[in-house]
Amino acid sequence: MAAGAAGASKTYSFKVVLLGEGCVGKTSLVLRYCENKFNDKHLTTLQASFLTKKLNIGGKRVNLAIWDTAGQERFHALGPIYYRDSNGAILVYDITDEDSFQKVKNWVKELRKMLGNEISLCIVGNKIDLDKDRHVSVQETEAYAESVGAKHYHTSAKQNKGIEELFLDLCKRMIESAQADERAKGNGSSQSATARRGVQIIDDEPQAQSSGGCCTSG
Amino acid sequence: MMDNIEKMVMTQLYKSVFCPDNSQDEQKDLAIQRHIRSLHWVTPEMLHAPINEGKAEVRDDIFFAVTAMIEMDSKRAPQDKLSCVTKGSNFLFKAIQGSTQEPATADDFLSSLIYAVLKANPPRLQSNLQYITRFCYPKRLMTGEAGYCFTNLCCAVAFIEKLDAPALSLTREEFDQHMQGQRLQVRRIPHCLLKSDWPGLQQIQQNQKLLLELRSRQDRIIRGVQNMQQELKDWPRSIGKEVQEIMNRFPLHIPLPKVQLPAASTVCSSEN
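Protein chains in written order, with the numbering used here: chain C, -10 to 207; chain A, 280 to 551.
These aren't lab readings, by the way, just hints derived from the structure by calculation. We treat Cβ as the ideally placed atom computed from N, Cα and C, and that holds for glycine. Just to be clear, a hint being listed does not mean it is correct.
[Unchecked claim] The list that follows gives simulated cross-link-like pairs (lysine to aspartate or glutamate, EDC-like), each with its CA atoms no further than 16 Å apart:
| # | chain 1 | residue 1 | chain 2 | residue 2 |
| --- | --- | --- | --- | --- |
| 1 | C | K147 | C | D120 |
| 2 | C | K147 | C | E62 |
| 3 | C | K26 | A | E381 |
| 4 | C | K43 | A | E424 |
[Stated by the list, open to error] Here are some chain C residues the structure puts well away from chain A; computed CB gaps all over 10 Å:
| # | residue |
| --- | --- |
| 5 | K4 |
| 6 | L7 |
| 7 | I46 |
| 8 | N149 |
| 9 | A169 |
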């Protein structure tokens, strides 16, 4: 599901979820990335919750589907429905809001628990144009990101800083993990990596019956 | 090609695989339908949905979204059902943009979708969701816009199932009162309704003016009546006073008829 092969040249399609508290600027971030707009009064965009972007990274075509998720506290329990089967997650916090970083930590724990290491995580400190009001320390966040195997970025949707790099980097990482996935598949052994996604049918009853027969008699 | 085959196969199999007898889907359908019905009093404000029902276009969009969601049950192939969800969602996006003048965020969308589902109460909702999850081509369901809308619909249903007082920012008591139908629906009037260009409102204002005028007239009449009553009460008193005064001024002396008495006795005696 991670990557769809199309003819000679590969086209990867990735699902990226955008997580973060209410007003950390998730929407501004994607709108800036996909349409290069910020707080435009004459916005023609109907919605900013589902956006797609086509990329070409080193000859590899990538279709990126960015899913914004509802970040309000009362919707917290619905998270797993959103990030099911996603390849990447962008966790956004507001550098002027300590609380929003704590939320990010919760999300990371949950994602790692539900999806393991298959998902590429990005922790993003947004609103660096408001650096004078910073309440979250750079060292702390970067140390945390490293400890959970995520990458840390600083962005400003207002000034259009760091956003392009963030998405490009994430795509590269997702391509890598997709390729690793394929290699594991290509090696013939339909083991861990692939079996994890589908339904695993363990056929142990007949085995128990014929245990004296062929398989494990010796 | 795959699409068409999928469509054909599923249309043929629809009767036997939709809401199969051996699953609990039917009970779940009825349960959620009852639950939604009991939540009829929920307003967009309670859900923090940025829907401005005062605007005619927004109302229309919501109406179309609701219709699309109800229509879902009548389609057979999973992708047709899915396209109903997408259609409904697009109307909602339009409604949100019409209300806020900004592109819809996920929070806006989800809360509006919850509102629309509550309004629509789509028939056999749970069965339809299960059917799409079970039989739709997984890739379509997980990526793409339709997938996004469907995921949000699942979220909305999950939210409605667990809906409680804090989720609507109400207290436990208020929530219970609403659920038992004891509390009257208090709807805040959207301020755009207060613009004078709305015909109904104009009528109301006119009526109100008329009523006010009538009331002031009635007040005047009542005051007049009271005055008159007072005057009526005062009148006999003043007459009495006058009479008393006059009587005091001209005391009545009735001279005793001394002369007549002997005359009477003479009459008596003469008769005897």
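Okay, the hints, checked on the actual structure:
1. C/K147 / C/D120: Holds. C/K147 to C/D120 sits at ~13 Å (cutoff 16 Å).
2. C/K147 / C/E62: Status violated; Cα separation ~25 Å.
3. C/K26 / A/E381: 12 Å, holds
4. C/K43 / A/E424: 15 Å, holds
5. K4: Violated, because the least Cβ-Cβ distance between C/K4 and chain A comes to about 6 Å, which does not exceed 10 Å.
6. L7: 8 Å, violated
7. I46: 18 Å, holds
8. N149: Given a closest Cβ separation of 17 Å, the condition holds.
9. A169: 20 Å, holds
Checked against the numbered hints given earlier, this structure breaks hints 2, 5 and 6; the rest are met.
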